[in-house]
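2 protein chains.
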Amino acid sequence: MRKTTSTNFENEQQLHEWCTAAFTLSVISGRWKLTILVKLLDQDLKFGELKQAIPGITERVLALQLKNLERDQLILKVADEPNGHLYRLSPTGRSLEGVINSLSGWGAVHQPVPSAK
Amino acid sequence: MRKTTSTNFENEQQLHEWCTAAFTLSVISGRWKLTILVKLLDQDLKFGELKQAIPGITERVLALQLKNLERDQLILKVADEPNGHLYRLSPTGRSLEGVINSLSGWGAVHQPVPSAK
DNA sequence: GACGATACTTACAAAATTGTAAGCAAATGA
DNA sequence: TCATTTGCTTACAATTTTGTAAGTATCGTC
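These protein sequences, in sequence, are chains A and B. Under full-length UniProt numbering, think of the first position of the first sequence as 1, with each following residue one higher. Under full-length UniProt numbering, think of the first position of the second sequence as 1, with each following residue one higher.
Hints are computed from structural coordinates only; laboratory data are not their basis. Just so it is clear, the structure is predicted and the values come from calculations on it, not from any experiment. Check the hints yourself; a few may be wrong.
[Said to hold, decoys possible] Label pairs and their calculated CB-CB ranges:
no., chain 1, residue 1, chain 2, residue 2, range
1, A, S29, B, A79, 28 to 38 Å
2, A, T92, B, T5, 35 to 45 Å
3, B, A79, A, K3, 40 to 50 Å
4, B, K46, A, Q73, 38 to 48 Å
5, A, N8, B, T92, 24 to 34 Å
6, A, E97, B, Q43, 29 to 39 Å
7, A, F47, B, L64, 32 to 42 Å
8, B, L41, A, G105, 15 to 25 Å
9, B, R94, A, E97, 16 to 26 Å
10, A, N8, B, K46, 24 to 34 Å
11, A, P55, B, E81, 47 to 57 Å
12, A, R31, B, H85, 30 to 40 Å
Beta carbons: idealized from backbone N, C-alpha and C, even for Gly.
Using the sequences and the accompanying hints, generate a full structural model.
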């Protein structure tokens, strides 16, 4: 849990007021969060399907990031009759597509090529 | 310093190969980094000027983030005759302007308004 | 040639994030 | 009904980031 009395927390709040880009960054940063969003852009997925789709992620962290994404209203947890649930991008989450593309585009151009082995 | 043998580190590397957006995110995330970049979009600044311009930042963290930005080639440290240095955006750093605008734009629309007091 | 400002660095502590390993309840399947 | 699987949660540890406080080297000033 986040400590709301720390200098760290206060600095973050101030930055968000001052710089909307910093706010956006805060909702999409976190290991695997972008990956989850990208997977959900294609289709709704169940917990287990996300786990399958994202090699390396652990259940703990997947659950945690899903919870944060839900808190920030980027995804929805919808009932999938007759049982279980699906994770789905909310309209807000889907509206991030342009931002993600922007990030991807820059990275594709500027990421250093790992030296050939 | 970063431990290059941790699971954490390995996961990050993998993600960068798999998702260029995650790579971009990694170079701009870090408390105050965006703020520094935004200030430098306007003009070159000295260490002390940046410190002045960014209330709340400490010398330690400013130096650290500048070092990272320099390592990632987003900024340059150029000699400012007759003495001292200036920090300047590199062409690569400047090319982030579109990404930053994209982040800002989304944030401006979606950041929850802090409830009026 | 001591004095202060500038631009850092260092040692250390607090906080935040991520990972490891279990556990557990509800639904499913044999 | 009894064992599995699914979708989580919990306790805990390692790692990483950020902050606090002090120190140092270099420069220009007096």
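Hints, one by one, checked against the model:
1. S29/A - A79/B: 28 to 38 Å: With a Cβ separation near 34 Å, S29/A and A79/B satisfy 28 to 38 Å, so the hint holds.
2. T92/A - T5/B: 35 to 45 Å: Between T92/A and T5/B, where Cβ atoms are some 38 Å apart, the hint holds.
3. A79/B - K3/A: 40 to 50 Å: Taking Cβ atoms as reference, A79/B and K3/A lie about 42 Å apart, which means the hint holds.
4. K46/B - Q73/A: 38 to 48 Å: 41 Å, holds
5. N8/A - T92/B: 24 to 34 Å: 29 Å, holds
6. E97/A - Q43/B: 29 to 39 Å: 33 Å, holds
7. F47/A - L64/B: 32 to 42 Å: Check passed, 38 Å falls within 32 to 42 Å.
8. L41/B - G105/A: 15 to 25 Å: 19 Å, holds
9. R94/B - E97/A: 16 to 26 Å: For R94/B and E97/A the Cβ distance comes to about 25 Å; the hint holds.
10. N8/A - K46/B: 24 to 34 Å: 26 Å Cβ-Cβ, so the 24 to 34 Å window holds.
11. P55/A - E81/B: 47 to 57 Å: This hint holds: roughly 53 Å between Cβ atoms.
12. R31/A - H85/B: 30 to 40 Å: Check passed, 34 Å falls within 30 to 40 Å.
In the structure shown, no violation is registered for any of the earlier numbered hints.
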